[in-house]
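Asker: Given chain A, put chain B in place with the hints provided.
What follows is the residue order along each chain.
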Amino acid sequence: MLSVLIDRQWLWLAAGFYLAGFALGTLALLREHRQSRALMYVLIAAGYALQTIGLWLRGQVEHGCPLGNTFEIFQFTAWSATTLFLVIGATFRLSLLGYFTSTLMAVLTLVSLSIPSWDATRRANVFGGNPWIEFHAALALFSYGVFALLALTSLLFLLRNYSLKHKRLGGWFSFLPSIIDLDHISLRLLAAGVVLLTASLAVGSVWWLRDPPGSVHAILVTITVWAAYTLALGLRLRGVLIAQRFAWVCAALFAMALISTEMVGHDKHPVPAVRAISNQP
Amino acid sequence: MSAAGGNFFHLGASHHTAPLALREKLALTPEKTALLGARIGATGGLREWAVLSTCNRVEFYGVAGTPADIDRLQAEFCALLECSPSDFAGAARRTFGLEALRHLLAVATGIDSQMLGETEIFGQVKDAYADAQRRGTAGPVLNRAFQKTFQAAKFVRTHTAITEGQVSVASVAVDLALKIFGELRTVRVLLLGAGEIGEKTARAFQSRGSETLTIASRRLERSMELAQALAAAALPFEHAPGRLAEFDIVLCATAAPGVILTHDAVATAMRRRPARPLFFIDLALPRDVEPEVAKLPNVFLYNLDDLAKIAEENRAARETEMAHAQAMVAEKAGALWPRMEQLCGGGAAGGGQWSKTAHTPG
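For the protein sequence lines, the chains are A and B, in the order given. Positions 1 to 281 (the working numbering) are the ones given, in order, by the first sequence. Positions 282 to 643 (the working numbering) are the ones given, in order, by the second sequence.
This is chain A alone, in the form it adopts within the complex (with noise of 0.2 Å):
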C-alpha cells in the first residue's frame, strides 16, 4: 500500500500540505482575519504523516535512519521540529506558531527536494553499523528540530516586542501571543534542545573514544553548535542575555546550525542514492 509511490513522491506530498498552511495562513492575514488554528493543525499533522511515510520508505532501504546527506539531513530537521509543533501547538495554543511552523518546513522540504545535488549521493556507511552512533545522530538532529521550532518562538517574539514598542498594535500584530507566552517557551524549548543535543554528544563520544572517527569535521560542528546554545542558555538564565537580544541569537545560532547540517553531510567518499521503487510500473 505504502510503495504505491516512492519516498519522495510522500515527500512531495508532505510539503504540498505544509505549503497549503502557509497559504491558508497567509491569506487570513492578508484579511486580517483570525487563523483556523485547529485547520493549520490538522493540515500540519496530513503533512506529518506523509513525511513520516517518505522517511520510513527511505529508511528501509537504507536499513537505517535516513541522515545520510544534506537531503535527509533537512527532512529529518522539519520533520523533528513538527513532531514538536504537534505535541507544543495542542498543549501551549500559542496563536500563529501553525502558520509560521508550516511557512518553515514548507521552504525546508521545498528547497531540500529542488536541489536533486543535495540527494544525488549520500554517504557510505555512514553509521559504521553501530546503532549508538545512529542514535547520537538521530538525536542530534531532534534537537536542530528544537532549536527550528526556537527560532520560529523568537521570531514570534521580535515581531511582538517591535509591534509593543513601536505601538503598532492592529492587524495581524493583534494574532501574536504575550511577550511573556513567548519567553516562557522559548526558555523551555532552549532547554530541552540544549538537553537532547548534551545526551546526543554523550552517546557520541563513547564511541568516538573507543573508536576515533576518520573525519572530525561533523563532531566539530556538533561541538560548536552544542556551546553556542549552551552558552545561550546559560546568559539567558543568569538574566544577562534577554527579551530581543536573546529572540535574536536564537534565530541566529538556528541559521547557524542549519548551515552546519551541510558541512555534516558532505563526504569524501558518497556513494550514490538508494531510492524506495514504486510498485507501480
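No lab work stands behind these hints: they were computed from the structure. Where hints are given, some of them may not hold.
FRET-style restraints, in silico, Cβ to Cβ [stated by the list, open to error]:
1) Val111/A - His296/B: 46 to 54 Å
2) Thr439/B - Trp208/A: 57 to 65 Å
3) Ala589/B - Val111/A: 44 to 52 Å
4) Thr224/A - Ala548/B: 33 to 41 Å
Pairs of lysine-lysine residues, derived as DSSO-like cross-links and limited to a Cα-Cα distance of at most 30 Å, are as follows [unchecked claim]:
5) Lys407/B - Lys429/B
6) Lys167/A - Lys481/B
7) Lys590/B - Lys165/A
8) Lys435/B - Lys460/B
9) Lys435/B - Lys407/B
10) Lys167/A - Lys460/B
11) Lys590/B - Lys167/A
12) Lys407/B - Lys306/B
13) Lys576/B - Lys167/A
14) Lys407/B - Lys313/B
15) Lys481/B - Lys590/B
16) Lys481/B - Lys165/A
17) Lys435/B - Lys481/B
18) Lys576/B - Lys481/B
19) Lys460/B - Lys165/A
20) Lys313/B - Lys429/B
21) Lys460/B - Lys590/B
22) Lys306/B - Lys481/B
23) Lys481/B - Lys460/B
24) Lys590/B - Lys435/B
25) Lys576/B - Lys165/A
26) Lys576/B - Lys590/B
27) Lys429/B - Lys481/B
28) Lys460/B - Lys576/B
The structure displayed is predicted, hence computed values, not measured ones. Glycine is no exception: its CB is placed at the ideal position from the N, C-alpha and C atoms.
Answerer: Relative to chain A, chain B alone:
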C-alpha cells in the same frame, strides 16, 4: 397566551433620544418591574412582554393585541415611575413587526449601543429574557425572538470585527497588559496617585483578574482609603521608586508637576529583574515617566495619548464594520420574521392600525 391576532412590538427610550436626566428617571429596579408586571396583568391586553433596563435604555418587547395595549403599558410605566407622559413620549420610540425584531437584534449585537460593539449588552438582554421567563410573561413569540436573537448576535459578533479592540483608555491599558503578560492574575500592579482616572484603570485591571494591587499616593491617608476600597495594599509614595522592581505594571496617574520615574531609576529596577517585562502606563499630565525609559529592553511605556490613539483607532475600525453588521442583522431578522409572524397570529398583517414606526402618543 392566546394565538389570536397580535403583533410583535418594541417600546422604549435609549441614549439616542433620551437625555441622561430622563434615563435616570426611567431606570427600573427589580421591585418596580414586579409592580409593573402586576399592573399590566391586571389591565390585560399584552400577550407576552419582557423589559430590558440598562443605564442607557429602558425597552419593552412583547406581543400586543392592539396598539391600545401598548398605550396602556406606557401609561402604567409612566405612572409607576412618576414620569411625565409627555417627557417619555418625546423620547420614546415604538416599532412593530420586522422592524422591532431588527431593533432587538441590533441591541443584542451591540451596534445600537453608545459604546459601539460593547458586549455587556448581550448579557443584559439575556437577563431580560430570563426575567420574563421567571415571571411567566415570555411565550412562543418571545421565546423564539430571544433565542434566535442570541444565535444571530453571536453570529454577527463572530463574523464581523464589531467587538474587536478596546475603546476606552482603561480597557486599552488592560488589553496591552495582556499582550505583554498573557494573563493578569499573577501580575503585580502599582498605582501611583489616587485620582479618578488611576482608580478607574486599577478597577479595570481588577475586573480582568489582577489580584495584587498596591497604591502609593502623596497623601498616605488617601492611599489607605483607596486601598481599602479596592482591597489593595498601600505604600508610602517616597518608597515607590525604590521598590519598582517588585512590580510588573505601574499605573502612573499623579498630579506631580514633573517626572517621578527617571530612566536611571527604571534601569536600576530592571537590573534586579532583567528577564521580566515592566509595563508603564503613564496617565498623568504632565507625564510621570521619563520618555527615555521606553528604550530599555523589556520595558514598555504607553502614555495617555498613546492609549487614546489606540482607543480611537479601535472605535474607527468598529464603525467601518457597522454597515456590514447592520446588513447581517437585517438579513437575520428577515429570515426569522415569517415564522414569528405566524406565531403572532397574523395580527401584523391586519393592516392600518399598526404603523410601522412611531413616536409614542403623549
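Asker: With reference to the structure, classify each hint as holding or not holding.
Answerer: To see whether the hints hold, each was checked on the structure:
Our hint of 46 to 54 Å for Val111/A and His296/B is violated, since their Cβ atoms are close to 59 Å apart. At about 58 Å, the beta-carbon gap between Thr439/B and Trp208/A stays in the expected band of 57 to 65 Å. Restraint check, Ala589/B to Val111/A: a C-beta distance of roughly 47 Å satisfies the suggested window 44 to 52 Å. For Thr224/A and Ala548/B, the hinted distance range of 33 to 41 Å is satisfied, since their beta carbons lie about 34 Å from each other.
Distance check on the hinted pair: Lys407/B and Lys429/B sit about 12 Å apart at the alpha-carbon level, within 30 Å; holds. The hinted pair formed by Lys167/A and Lys481/B meets the criterion: a straight-line CA distance of about 23 Å does not exceed 30 Å. Using a Cα cut-off of 30 Å, the hinted pair Lys590/B and Lys165/A holds, with the two alpha carbons roughly 15 Å apart. Pair hint Lys435/B plus Lys460/B holds up; C-alpha atoms about 25 Å apart against a cutoff of 30 Å.
Only pairs whose Cα atoms come within 30 Å are accepted, and Lys435/B paired with Lys407/B is accepted, the gap being roughly 12 Å. Taken as a hint, the Lys167/A and Lys460/B pair is honoured in the structure, with Cα atoms around 12 Å apart against an allowance of 30 Å. A hinted pair counts as satisfied when its Cα atoms are at most 30 Å apart, and Lys590/B with Lys167/A qualifies at roughly 10 Å. Simply put, Lys407/B and Lys306/B have alpha-carbon atoms about 23 Å apart, close enough for the 30 Å limit, and the pair holds.
With a C-alpha separation of about 13 Å, the suggested pairing of Lys576/B with Lys167/A holds against the 30 Å cut-off. Taken as a hint, the Lys407/B and Lys313/B pair is honoured in the structure, with Cα atoms around 19 Å apart against an allowance of 30 Å. Our distance criterion of 30 Å between C-alpha atoms is met by Lys481/B and Lys590/B, whose separation comes to about 19 Å. Restraint check for Lys481/B and Lys165/A: the C-alpha separation of about 25 Å stays at or below 30 Å, so the hint holds.
With a C-alpha separation of about 29 Å, the suggested pairing of Lys435/B with Lys481/B holds against the 30 Å cut-off. A threshold of 30 Å between alpha carbons decides the hint, and for Lys576/B with Lys481/B the separation of about 28 Å falls inside it, so the pair holds. For the hint linking Lys460/B to Lys165/A, the alpha-carbon distance of about 12 Å falls within 30 Å, and the restraint holds. Between Lys313/B and Lys429/B the CA atoms are separated by roughly 28 Å; this keeps the pair inside 30 Å, and the hint holds.
Restraint check for Lys460/B and Lys590/B: the C-alpha separation of about 17 Å stays at or below 30 Å, so the hint holds. Straight-line distance between C-alpha atoms of Lys306/B and Lys481/B comes to about 26 Å, which keeps the hinted pair within the 30 Å bound. Restraint check for Lys481/B and Lys460/B: the C-alpha separation of about 20 Å stays at or below 30 Å, so the hint holds. Using a Cα cut-off of 30 Å, the hinted pair Lys590/B and Lys435/B holds, with the two alpha carbons roughly 28 Å apart.
A threshold of 30 Å between alpha carbons decides the hint, and for Lys576/B with Lys165/A the separation of about 8 Å falls inside it, so the pair holds. A C-alpha spacing of about 21 Å is found between Lys576/B and Lys590/B, which places the hinted pair at or below 30 Å, so the restraint holds. The suggested pairing of Lys429/B with Lys481/B is violated, with an alpha-carbon distance near 36 Å, which exceeds 30 Å. For the hint linking Lys460/B to Lys576/B, the alpha-carbon distance of about 18 Å falls within 30 Å, and the restraint holds.
The structure is inconsistent with the numbered hints 1 and 27, although it conforms to all the rest.
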